[in-house]
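Position chain B relative to chain A; hints supplied.
These are the residues of each chain, in order.
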Amino acid sequence: MILVILASQCDNPGSIGRSFGPTDPTFVADTVAIPGLSTRNIPSLTGNLGHVSAGIYNDPLFGRYETEAVIQPTLGARSDSVGPNVKFYLDLRVTGITGDTTAFSRFEVYEITRRWRASTWTMDSTAVVGAQVGTVLHQKGDTIRIDLNPSWTIRYLAALKDTASKRDSIYVASLPGLLIRGVDPNKLLFINTQVSSLTMDNQDSTLAVRRYGLRQFATSIDHTPAAVALPDSLTLVDNLFTSAGLLDLTISSTLLGSRFPNRVDLVLFEDSTFARNTLPPGHVRYRSRQIPVYLLTDTQIRFSIVAEPLLLVNRDPGDGSYRANITLLSRSIIQANRQNGRFYILGDRYNGIISPALYFNERAPARKPKLLVSRFERN
Amino acid sequence: MSARVFLLIGLWTAGAGIAAAQSELKGTTSYSYLGIGFPVDVRSSQASGMGVTGVSLANRFSSSYANPAMYSQAFFTTIGGGVLYRRHGAEDDFGTSTNAQVDFSHFQFVFPVLRERLGASFGVYPVTETSYQMTTRTEILPAFNNSSDTLRYQTALTGRGGLNRMEIGVGYRVNRWLSVGYAPSLVFGTIRNEIDITFENGGYQGENQQNVLTNVGFGNRLGVFATFDKVLDPRDVLAVGATVSMPVRLNTDKSYREVRNFQDPATNVNVRRVFTEELGRGDNELPLEVAAGITYYPNLQWLVSGDVLVQNWRSYANFEGESESYLRNRVKAGLGGQYTAEFRSDGGLFNGAAYRAGLSYDTGHLAMGPGNGTAISTILFTGGIGIPSRVGGSSVDLSFDYGFRGTTSHDLVREQIFAFRVSFNLSELMFLQRKLD
Numbered sequence: 001m002i003l004v005i006l007a008s009q010c011d012n013p014g015s016i017g018r019s020f021g022p023t024d025p026t027f028v029a030d031t032v033a034i035p036g037l038s039t040r041n042i043p044s045l046t047g048n049l050g051h052v053s054a055g056i057y058n059d060p061l062f063g064r065y066e067t068e069a070v071i072q073p074t075l076g077a078r079s080d081s082v083g084p085n086v087k088f089y090l091d092l093r094v095t096g097i098t099g100d101t102t103a104f105s106r107f108e109v110y111e112i113t114r115r116w117r118a119s120t121w122t123m124d125s126t127a128v129v130g131a132q133v134g135t136v137l138h139q140k141g142d143t144i145r146i147d148l149n150p151s152w153t154i155r156y157l158a159a160l161k162d163t164a165s166k167r168d169s170i171y172v173a174s175l176p177g178l179l180i181r182g183v184d185p186n187k188l189l190f191i192n193t194q195v196s197s198l199t200m201d202n203q204d205s206t207l208a209v210r211r212y213g214l215r216q217f218a219t220s221i222d223h224t225p226a227a228v229a230l231p232d233s234l235t236l237v238d239n240l241f242t243s244a245g246l247l248d249l250t251i252s253s254t255l256l257g258s259r260f261p262n263r264v265d266l267v268l269f270e271d272s273t274f275a276r277n278t279l280p281p282g283h284v285r286y287r288s289r290q291i292p293v294y295l296l297t298d299t300q301i302r303f304s305i306v307a308e309p310l311l312l313v314n315r316d317p318g319d320g321s322y323r324a325n326i327t328l329l330s331r332s333i334i335q336a337n338r339q340n341g342r343f344y345i346l347g348d349r350y351n352g353i354i355s356p357a358l359y360f361n362e363r364a365p366a367r368k369p370k371l372l373v374s375r376f377e378r379n
Numbered sequence: 001m002s003a004r005v006f007l008l009i010g011l012w013t014a015g016a017g018i019a020a021a022q023s024e025l026k027g028t029t030s031y032s033y034l035g036i037g038f039p040v041d042v043r044s045s046q047a048s049g050m051g052v053t054g055v056s057l058a059n060r061f062s063s064s065y066a067n068p069a070m071y072s073q074a075f076f077t078t079i080g081g082g083v084l085y086r087r088h089g090a091e092d093d094f095g096t097s098t099n100a101q102v103d104f105s106h107f108q109f110v111f112p113v114l115r116e117r118l119g120a121s122f123g124v125y126p127v128t129e130t131s132y133q134m135t136t137r138t139e140i141l142p143a144f145n146n147s148s149d150t151l152r153y154q155t156a157l158t159g160r161g162g163l164n165r166m167e168i169g170v171g172y173r174v175n176r177w178l179s180v181g182y183a184p185s186l187v188f189g190t191i192r193n194e195i196d197i198t199f200e201n202g203g204y205q206g207e208n209q210q211n212v213l214t215n216v217g218f219g220n221r222l223g224v225f226a227t228f229d230k231v232l233d234p235r236d237v238l239a240v241g242a243t244v245s246m247p248v249r250l251n252t253d254k255s256y257r258e259v260r261n262f263q264d265p266a267t268n269v270n271v272r273r274v275f276t277e278e279l280g281r282g283d284n285e286l287p288l289e290v291a292a293g294i295t296y297y298p299n300l301q302w303l304v305s306g307d308v309l310v311q312n313w314r315s316y317a318n319f320e321g322e323s324e325s326y327l328r329n330r331v332k333a334g335l336g337g338q339y340t341a342e343f344r345s346d347g348g349l350f351n352g353a354a355y356r357a358g359l360s361y362d363t364g365h366l367a368m369g370p371g372n373g374t375a376i377s378t379i380l381f382t383g384g385i386g387i388p389s390r391v392g393g394s395s396v397d398l399s400f401d402y403g404f405r406g407t408t409s410h411d412l413v414r415e416q417i418f419a420f421r422v423s424f425n426l427s428e429l430m431f432l433q434r435k436l437d
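Here the protein sequences come in this chain order: A and B. Those letters in the first sequence? Residues 1 to 379, per this note's numbering, in order. Those letters in the second sequence? Residues 1 to 437, per this note's numbering, in order.
Derived by calculation from the structure, the hints in this document are not laboratory data. Don't take every hint at face value.
Label pairs and their computed distance ranges (CB to CB) [as the list claims (entries may be wrong)]:
1. A:Gln335 with B:Arg281: 22 to 32 angstroms
2. A:Asn85 with B:Asp264: 54 to 64 angstroms
3. A:Asn337 with B:Tyr402: 51 to 61 angstroms
4. A:Phe104 with B:Arg152: 21 to 31 angstroms
If the Cβ cut is set under 10 angstroms, some of the chain B residues that face chain A in the computed set are [said to hold, decoys possible]:
5. Val187
6. Phe188
7. Arg260
8. Val271
Some chain B residues well away from chain A (every beta-carbon gap over 10 angstroms; in silico) [stated by the list, open to error]:
9. Arg60
10. Gly203
11. Gln210
12. Phe228
13. Met246
14. Pro247
15. Gly348
16. Thr363
17. Gly371
18. Thr378
19. Ile379
20. Gly383
21. Ile387
22. Gly393
23. Val413
24. Ile417
A virtual CB, placed ideally from N, CA and C, is assigned to each residue, including glycine.
Okay, chain B solo, but in the shape it has when bound:
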């Protein structure tokens, strides 16, 4: 695949991401109504195909947020991004629904300051996501609605937005086997919960109300990454990595917005106005996150990786400073492997491609229902392929997830998840002085 094709895919993907950010989202999971949205795990394009977080999965051709210590491994200047298509089928005891959505997954720019010694990164990626839509059509019989006709109206409850992290990171290789990293970040985002009521009968005024939470805070991530060779075999390599994402105290402004129609008594002209009311400032806290993993490379073709991520959601406090009874600590474990085909000079499109598979189990951060609650867990089966460029270190990675979340017991929701992701990594040797003309 030529560098030009890679460039076009990259530009298309980046542009698409901006467009998606401007478009209105339809719902992906009704569970995202709770808390400050549903946690989003941004993985490297390689880890995406293996079901792991990727804290121990270093790849010089592929940008990764998973562990800031890996920025020290930067050999190429790399721009990474992706587009994600998701299709959620949901069911509970009352019905089913289907939602599909395409949106931007992340953007990252990684560059070496001192090649494979000191690297830096800048990027934006989502941390939580609120994206739901619940629509109800209601009929009120004449005896209960002040008129001689049946009143019909539709209520759409919609949540949009989420938290994002804009992060600058630095990774430093301390010695041949150990790297450390640090990444301060600005965590920001707006969560908009909206009620929109539309009447089918004439003469009624619908309404649109929005509760808006605008959050901003500063975060810190620390990472460590180590490699050991000749562990079990002269050709093998063992990599371990761990990250700690410190709790983020979010300053939250809450506001209320209404769109209303009026009649000007002086002119009898109908006017439409937006009313905004500031409801004060509070604090949220994005919880501590710890991740650790191990990757084993028995040879150049194969690798197997596993990691665990823990988020301390029990410590979460909402805008009013209250804890939420339905939150629990989240543990996510993933295991996956990769086979990289041999690169041949006369190979076709998939020459040197990496084939990936894995699975993950996520206890979720929610436990709902009677007693201690039923965990809203997620199991995902993952597969993917990485297609390298013939020149430079660029690649396009395709991956998919298929799995299930939740349960229909206790009036809860079970979701069937299908996701397809296209990621790109544009790598280029930059800032190098040519030695030969």
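Here chain A stands alone, though its shape is the one from the complex:
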């Protein structure tokens, strides 16, 4: 049988016949207030994140932070050429700082003498250190080069040229890593762990400069909160999970007014005025303007489980709000009739940078946390 596809043409379908035909669903834009924003201290890990932090800073609003970066460079290949005048540097890439932008800060590098593991490192873990192997003075700039002491580099060279079959294990045991510690209490450096390296420079143009990335990395953090009375309408939320923001929010069709909302935005407002006014002149707080939203179960928060955020939300520069589009998630929760976890937010990305924030809470008259729901009402 011959099949011929017939044409169906709709030159201009229009909306003729509305007076007796089916009626369009009515668009409805609702606002649903979130009744509470509180905080929870959730065990978290500070190893193997995108950044490590080093330095000391007395933040007038968020308190005193003393941070130490612990790193272990990778071991180069045995075949890497080594000249007679070889030197080793620690090249650190600084993503940003929190603190005094004008002050000089001294950073010291110490040899770590006991094995450690970044995968279980928490903010109160401490490294056992030995001799100082380098120092540097930083004021400005996004790169820091630290000349490492021969007492450490000779042993690194030995490991590099080690012919033993288990040279890597021997290296890990004999050179567990380096610790970077701030001396002056005026600055926190946030060091990108993906592009920082141990650099081997033979100072000979015929021999290649070798850059060895970081094998593992972590941050130890000692935090002493400031004695600052916050306005009732503000809640301090950090990005280390020690003060994670917990939203009193359970998604349901009753709450949203629809089984299948067309859009649901979780909206939070960050204070900038109060926080900015507490900063001395010349001081800054690093902010990425991007916050994660998590849906975490009680099991997850009990055991330092690092879950991926549901969303990373950018700050709207217009009104300072963060709008997380949770439409599909809301639909899934309604469909399953079960919200598997509770909504948490952080002050910034959970990436090793220390960046707390103030959010307006449910007591803020106009900028309280809320859901913006777009849906259709059947006629």
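Chain B alone, transformed into the frame defined by chain A:
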């Protein structure tokens, strides 16, 4: 025209019909939203060119559903079918629209059991049609849409489907002038009303909802057909015919279907799912239909035919068992004539062709607006030509309709209708033992 050409046209038309049934329809009339769709009158290819239903219009070369009693007249085994092109222009107080559509009109197989004494038929043809599309583009200003941008979305309200009749019919010639017929049928069909919303702005999830009515029922048609010769003249013939299509109780299953996007919280992967919900079973009733007509043949070249069709839509009850206030009984009257050119052995393509014309007036089954409502009536002017094959009894019939439906008063819709139809009748002497080798 050779038998091979006829065969090709027939196959093309039949195939096209299947393709059309699979394709999505665009709207033809917004009035088809109401009730269980807009009534469709399937006529014989001959009646199509004359504006009549054809209950009294017998033709041994042309298959016809119009009256089951006519199956008794079967001389040839005949396969009939057709393709219909329709173009509707519509206007109301708010705008205009234009829709065009090509689709399958019917299929019928008629064969003689006892030549010109007892004949049978099998066929499928539409009874009602739901075919509309209303599209609206909406803008919601920022103050009313939870964002700082104007929200833009498009709503498409679409209806598709309708009822079809799969019918087996038998016609028996009782005596020289009287025939009777009976045709039981399965009436079935799905009517799908759909809302589809598409956002132009990012971040919004559109939606697609469908209310689906699936109908099935059993119908019965009875027909009577009589011819009288030498009524006014020694050469004339008078034919009268009437049919009754009994009400059809339709069992209707109603379901709701949604297509939705989700995010799996475990994987953060977006998934698309279809949700179906059964909303229960109810009854519809396709109303009683009565048709009667008369055809006068003053000689072999000329004929004039007129008939009236009445449908009792007031008795209709919807899925919920409620009557619809906008329904009224429908009366359709048609009048037309045909001239058949003399067949000459040396003639060209139109040798022996039949030229047809007619008009019809249909009160419609809808009355809408204030008071007793304004009838959504239809007037159609019809013309056509039947081109016979030189061999056998096959023919190709071309016909067109041009007319108007409805009114723009009371926010109603006035439609300008143009339809062009190609019908084929493949006739063949079958089951005959050759007498000469």
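The hints, checked one at a time:
Take Gln335 of chain A and Arg281 of chain B: their Cβ atoms lie about 26 angstroms apart, and the range 22 to 32 angstroms holds. Remark: the range hint 54 to 64 angstroms for Asn85 of chain A to Asp264 of chain B is upheld by a beta-carbon distance near 58 angstroms. At roughly 57 angstroms, the beta-carbon separation of Asn337 of chain A and Tyr402 of chain B lies within the given 51 to 61 angstroms, and the hint holds. Checking the proposed 21 to 31 angstroms range against Phe104 of chain A and Arg152 of chain B shows it is violated: the Cβ atoms sit about 56 angstroms from each other.
A least Cβ separation of about 24 angstroms between Val187 of chain B and chain A goes past the 10 angstroms threshold, and the interface hint is therefore violated. Because the beta carbon of Phe188 of chain B sits about 22 angstroms from the nearest beta carbon in chain A, more than 10 angstroms, this interface hint is broken. With a cut of 10 angstroms, the hint placing Arg260 of chain B at the interface with chain A holds, because the nearest CB-to-CB distance is about 6 angstroms. Taking 10 angstroms as the C-beta cut-off, the interface hint given for Val271 of chain B holds, the closest approach to chain A being about 9 angstroms.
Listed as outside the interface, Arg60 of chain B is consistent with that label: its C-beta sits roughly 27 angstroms from the nearest C-beta of chain A, beyond the 10 angstroms cut-off. Distance check for Gly203 of chain B against chain A: the nearest CB is about 5 angstroms away, which does not clear 10 angstroms, and the non-interface claim fails. Against chain A, the non-interface label of Gln210 of chain B holds: every CB pair exceeds 10 angstroms, the least being about 12 angstroms. Residue-level check passed: Phe228 of chain B sits 43 angstroms from the nearest beta carbon of chain A, beyond 10 angstroms.
Non-interface status of Met246 of chain B relative to chain A is upheld: no Cβ of that chain comes within 10 angstroms, the nearest being about 30 angstroms off. Every C-beta of chain A lies more than 10 angstroms from that of Pro247 of chain B, the closest at about 25 angstroms, which supports listing it as non-interface. Remark: the non-interface label on Gly348 of chain B is consistent with the geometry, its nearest Cβ contact in chain A lying 27 angstroms away (cut-off 10 angstroms). A cut-off of 10 angstroms between C-beta atoms confirms that Thr363 of chain B is not in contact with chain A; the least separation is 17 angstroms.
With a closest Cβ-Cβ approach of about 15 angstroms to chain A, Gly371 of chain B is found to remain outside the 10 angstroms limit, as its non-interface label requires. With a minimum CB-CB distance of about 15 angstroms to chain A, Thr378 of chain B clears the 10 angstroms threshold, and the non-interface call stands. No beta-carbon of chain A is positioned within 10 angstroms of the beta-carbon of Ile379 of chain B; the least distance is around 19 angstroms. No Cβ of chain A comes within 10 angstroms of the Cβ of Gly383 of chain B; the nearest lies about 23 angstroms off, and the non-interface call holds.
The Cβ of Ile387 of chain B lies farther than 10 angstroms from every Cβ of chain A, with a closest approach of about 21 angstroms, so its non-interface assignment holds. Interface exclusion of Gly393 of chain B from chain A stands, the closest Cβ pair being 23 angstroms apart, more than 10 angstroms. With a minimum CB-CB distance of about 5 angstroms to chain A, Val413 of chain B fails to clear the 10 angstroms threshold, and the non-interface call is violated. Listed as a non-interface residue, Ile417 of chain B keeps its Cβ farther than 10 angstroms from every Cβ of chain A; the least gap is roughly 14 angstroms.
In summary, the numbered hints that this structure violates are 4, 5, 6, 10 and 23.
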